[in-house]
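With chain A held as given, fit chains B, C and D onto it using these hints.
One-letter residues, chain by chain:
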Amino acid sequence: MTPDIRVQREDFDQGHELSKFSARNPLSGAICSFTGQMRDFQGHDRATGKIITAMELDHYPGMAERQLQDLTREAQQRWPLDDICIVHRFGVLKPTEAIVFVATASAHRGDAFAACEFLMDWLKTKAPFWKKETGPGGTQWVEAKESDESRAERWQSRS
Amino acid sequence: MTPDIRVQREDFDQGHELSKFSARNPLSGAICSFTGQMRDFQGHDRATGKIITAMELDHYPGMAERQLQDLTREAQQRWPLDDICIVHRFGVLKPTEAIVFVATASAHRGDAFAACEFLMDWLKTKAPFWKKETGPGGTQWVEAKESDESRAERWQSRS
Amino acid sequence: MNILYFAWLRERIGIGEEAVSPPDTIQTVNQLMDWLSQRSAGHAAAFADRKLIRAAIDQIHSNHSLPITGAKEIAFFPPVTGGLA
Amino acid sequence: MNILYFAWLRERIGIGEEAVSPPDTIQTVNQLMDWLSQRSAGHAAAFADRKLIRAAIDQIHSNHSLPITGAKEIAFFPPVTGGLA
Numbered sequence: 001m002t003p004d005i006r007v008q009r010e011d012f013d014q015g016h017e018l019s020k021f022s023a024r025n026p027l028s029g030a031i032c033s034f035t036g037q038m039r040d041f042q043g044h045d046r047a048t049g050k051i052i053t054a055m056e057l058d059h060y061p062g063m064a065e066r067q068l069q070d071l072t073r074e075a076q077q078r079w080p081l082d083d084i085c086i087v088h089r090f091g092v093l094k095p096t097e098a099i100v101f102v103a104t105a106s107a108h109r110g111d112a113f114a115a116c117e118f119l120m121d122w123l124k125t126k127a128p129f130w131k132k133e134t135g136p137g138g139t140q141w142v143e144a145k146e147s148d149e150s151r152a153e154r155w156q157s158r159s
Numbered sequence: 001m002t003p004d005i006r007v008q009r010e011d012f013d014q015g016h017e018l019s020k021f022s023a024r025n026p027l028s029g030a031i032c033s034f035t036g037q038m039r040d041f042q043g044h045d046r047a048t049g050k051i052i053t054a055m056e057l058d059h060y061p062g063m064a065e066r067q068l069q070d071l072t073r074e075a076q077q078r079w080p081l082d083d084i085c086i087v088h089r090f091g092v093l094k095p096t097e098a099i100v101f102v103a104t105a106s107a108h109r110g111d112a113f114a115a116c117e118f119l120m121d122w123l124k125t126k127a128p129f130w131k132k133e134t135g136p137g138g139t140q141w142v143e144a145k146e147s148d149e150s151r152a153e154r155w156q157s158r159s
Numbered sequence: 001m002n003i004l005y006f007a008w009l010r011e012r013i014g015i016g017e018e019a020v021s022p023p024d025t026i027q028t029v030n031q032l033m034d035w036l037s038q039r040s041a042g043h044a045a046a047f048a049d050r051k052l053i054r055a056a057i058d059q060i061h062s063n064h065s066l067p068i069t070g071a072k073e074i075a076f077f078p079p080v081t082g083g084l085a
Numbered sequence: 001m002n003i004l005y006f007a008w009l010r011e012r013i014g015i016g017e018e019a020v021s022p023p024d025t026i027q028t029v030n031q032l033m034d035w036l037s038q039r040s041a042g043h044a045a046a047f048a049d050r051k052l053i054r055a056a057i058d059q060i061h062s063n064h065s066l067p068i069t070g071a072k073e074i075a076f077f078p079p080v081t082g083g084l085a
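Chains as they are written, first to last, in this note's numbering: chain A, 1 to 159; chain B, 1 to 159; chain C, 1 to 85; chain D, 1 to 85.
One should not assume that every hint holds.
Stretch by stretch, here's where chain D covers chain A in the computed footprint (C-beta under 8 angstroms, at least three residues) [stated by the list, open to error]:
no.: 1; region: 50-62
no.: 2; region: 75-88
no.: 3; region: 111-124
Below, in silico cross-link-like pairs of lysine-lysine (DSS-like), each with a Cα-Cα straight-line distance of 27 angstroms or less [what the hints assert, rightly or not]:
no.: 4; chain 1: B; residue 1: Lys50; chain 2: B; residue 2: Lys132
no.: 5; chain 1: B; residue 1: Lys20; chain 2: B; residue 2: Lys145
no.: 6; chain 1: A; residue 1: Lys94; chain 2: A; residue 2: Lys20
no.: 7; chain 1: B; residue 1: Lys126; chain 2: B; residue 2: Lys94
no.: 8; chain 1: A; residue 1: Lys126; chain 2: D; residue 2: Lys51
no.: 9; chain 1: C; residue 1: Lys51; chain 2: B; residue 2: Lys132
no.: 10; chain 1: A; residue 1: Lys50; chain 2: D; residue 2: Lys51
no.: 11; chain 1: D; residue 1: Lys51; chain 2: D; residue 2: Lys72
no.: 12; chain 1: B; residue 1: Lys20; chain 2: B; residue 2: Lys94
no.: 13; chain 1: A; residue 1: Lys132; chain 2: A; residue 2: Lys50
no.: 14; chain 1: C; residue 1: Lys51; chain 2: C; residue 2: Lys72
no.: 15; chain 1: B; residue 1: Lys126; chain 2: C; residue 2: Lys51
no.: 16; chain 1: B; residue 1: Lys126; chain 2: C; residue 2: Lys72
no.: 17; chain 1: A; residue 1: Lys132; chain 2: D; residue 2: Lys51
no.: 18; chain 1: A; residue 1: Lys50; chain 2: A; residue 2: Lys126
no.: 19; chain 1: B; residue 1: Lys94; chain 2: B; residue 2: Lys145
no.: 20; chain 1: A; residue 1: Lys50; chain 2: A; residue 2: Lys145
no.: 21; chain 1: B; residue 1: Lys94; chain 2: B; residue 2: Lys132
no.: 22; chain 1: A; residue 1: Lys94; chain 2: A; residue 2: Lys145
no.: 23; chain 1: A; residue 1: Lys132; chain 2: A; residue 2: Lys94
no.: 24; chain 1: B; residue 1: Lys145; chain 2: B; residue 2: Lys50
no.: 25; chain 1: B; residue 1: Lys126; chain 2: B; residue 2: Lys145
no.: 26; chain 1: B; residue 1: Lys145; chain 2: A; residue 2: Lys20
no.: 27; chain 1: A; residue 1: Lys50; chain 2: A; residue 2: Lys94
no.: 28; chain 1: B; residue 1: Lys50; chain 2: C; residue 2: Lys51
no.: 29; chain 1: D; residue 1: Lys51; chain 2: A; residue 2: Lys145
no.: 30; chain 1: D; residue 1: Lys72; chain 2: A; residue 2: Lys126
no.: 31; chain 1: A; residue 1: Lys126; chain 2: A; residue 2: Lys145
no.: 32; chain 1: B; residue 1: Lys145; chain 2: C; residue 2: Lys72
no.: 33; chain 1: B; residue 1: Lys132; chain 2: B; residue 2: Lys145
no.: 34; chain 1: A; residue 1: Lys20; chain 2: B; residue 2: Lys126
no.: 35; chain 1: B; residue 1: Lys20; chain 2: B; residue 2: Lys50
no.: 36; chain 1: B; residue 1: Lys20; chain 2: A; residue 2: Lys94
no.: 37; chain 1: A; residue 1: Lys132; chain 2: A; residue 2: Lys145
no.: 38; chain 1: A; residue 1: Lys50; chain 2: A; residue 2: Lys20
Since the hints were derived computationally from the structure, they do not count as laboratory data.
Glycine residues also receive a C-beta, built at the ideal position from the N, C-alpha and C atoms.
With the rest of the complex left out, here is chain A (with noise of 0.2 angstroms):
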């Protein structure tokens, strides 16, 4: 099926969007799914320790769906998928929403996740968005980080 793809300024429910994704692949006995949601920072965040108050993402409209259409067609290229849907928000991000959706069909299940995990990959080393935190100190752009490109870039080797 033509993979559903949507970049949107509005809030969304991961549940429902997978509810509608399983129902329009009947066929499929392997449905992944994986959501970046934004975390309810409580003051910091978990991983930097950095006080959040706030995110905003930026992004390129136009090359954004154009670069998730290609990322698709590379993932149903490299393994037999029957569809794909991705979600990706921009704009302000309030703590608890959804930022990003990926979801896989497939008939099996190591294909439905070896996709789904792709898609995240590339997707944050290749889709055109930006994401800015405000703390106390102020509004400061993230920056990449080399994992991310690490993560991108075992996928070239294999299959």
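Chains B, C and D in isolation, oriented as in the chain A frame:
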């Protein structure tokens, strides 16, 4: 959080489970889910070509819950996880119904993906459930696949 | 001692559960299968090919060579096939 | 030719978009950055460290050494940081 483990005859909505799971984990940035769903065979199984009209899951009450508990403990020892949910059906399964749902919550997506796939792989070889398929030739117990054993074994050498 | 059967073992034996009192000489899962095989033609058929059978002692997966001493519940079943896809 | 800036490049330069007509001698992304740097102090600051800058020609990720001939839209931005976790 204490894993949410359910072994039940009743059908459930995977999207509803995912919404509940993410709502109870507001501090987790990464949520991964997997659903094994009963294919709408429409006459024959895509994977095997066999004609299947009904499916039923036998299980070992008590041990099923216990094995799933043990698997979640194992996953929590291997990866930094915030939470796990497993729902596994037994009894008669109708086309398009969910059979098994596994969700993991973590600070990092790599851990959420790995733990979710590990749980599915091990569940397939350790949790006491047995599938029975009905087709025009009668009813037959499904045989365990070698590939499932080897998928589970690869976790032995890793991490 | 309570014995449980699942999937095709239950169908071949014709019952899902039975309480038995094997003699003290029956000490391992393998010996228990030998002893149970004598109870009926269905038992004998069910236990004919040991490679196809898995056992759990008090709800824990167990090798056929393990001792059954003190066990309250022993279950026999084919390799598991849960999940899907 | 339309030039787009995102994230901190837009903030340093002060605009998100501008239409420019570089001379024919400007043939690569790198040369375009040199040329744009002369437009203002903000441009110069934004393009100071090329290692931090990624470019897209007509919405396709591109190396700094690629030719810009015929391009309609060229975008400059830092390495992407979407998704989460």
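How the hints compare with the structure:
no., hint, verdict
1, 50-62, "holds (count 5)"
2, 75-88, "violated (count 1)"
3, 111-124, "holds (count 3)"
4, B/Lys50 / B/Lys132, "holds, 13 angstroms"
5, B/Lys20 / B/Lys145, "violated, 33 angstroms"
6, A/Lys94 / A/Lys20, "holds, 24 angstroms"
7, B/Lys126 / B/Lys94, "holds, 24 angstroms"
8, A/Lys126 / D/Lys51, "holds, 16 angstroms"
9, C/Lys51 / B/Lys132, "holds, 20 angstroms"
10, A/Lys50 / D/Lys51, "holds, 26 angstroms"
11, D/Lys51 / D/Lys72, "holds, 24 angstroms"
12, B/Lys20 / B/Lys94, "holds, 24 angstroms"
13, A/Lys132 / A/Lys50, "holds, 13 angstroms"
14, C/Lys51 / C/Lys72, "holds, 24 angstroms"
15, B/Lys126 / C/Lys51, "holds, 16 angstroms"
16, B/Lys126 / C/Lys72, "holds, 21 angstroms"
17, A/Lys132 / D/Lys51, "holds, 20 angstroms"
18, A/Lys50 / A/Lys126, "holds, 26 angstroms"
19, B/Lys94 / B/Lys145, "holds, 22 angstroms"
20, A/Lys50 / A/Lys145, "holds, 16 angstroms"
21, B/Lys94 / B/Lys132, "holds, 13 angstroms"
22, A/Lys94 / A/Lys145, "holds, 22 angstroms"
23, A/Lys132 / A/Lys94, "holds, 13 angstroms"
24, B/Lys145 / B/Lys50, "holds, 16 angstroms"
25, B/Lys126 / B/Lys145, "holds, 13 angstroms"
26, B/Lys145 / A/Lys20, "violated, 31 angstroms"
27, A/Lys50 / A/Lys94, "holds, 17 angstroms"
28, B/Lys50 / C/Lys51, "holds, 26 angstroms"
29, D/Lys51 / A/Lys145, "holds, 14 angstroms"
30, D/Lys72 / A/Lys126, "holds, 21 angstroms"
31, A/Lys126 / A/Lys145, "holds, 13 angstroms"
32, B/Lys145 / C/Lys72, "violated, 31 angstroms"
33, B/Lys132 / B/Lys145, "holds, 14 angstroms"
34, A/Lys20 / B/Lys126, "violated, 31 angstroms"
35, B/Lys20 / B/Lys50, "violated, 36 angstroms"
36, B/Lys20 / A/Lys94, "holds, 18 angstroms"
37, A/Lys132 / A/Lys145, "holds, 14 angstroms"
38, A/Lys50 / A/Lys20, "violated, 36 angstroms"
The structure fails hints 2, 5, 26, 32, 34, 35, 38 (numbered hints given earlier, in ascending order).
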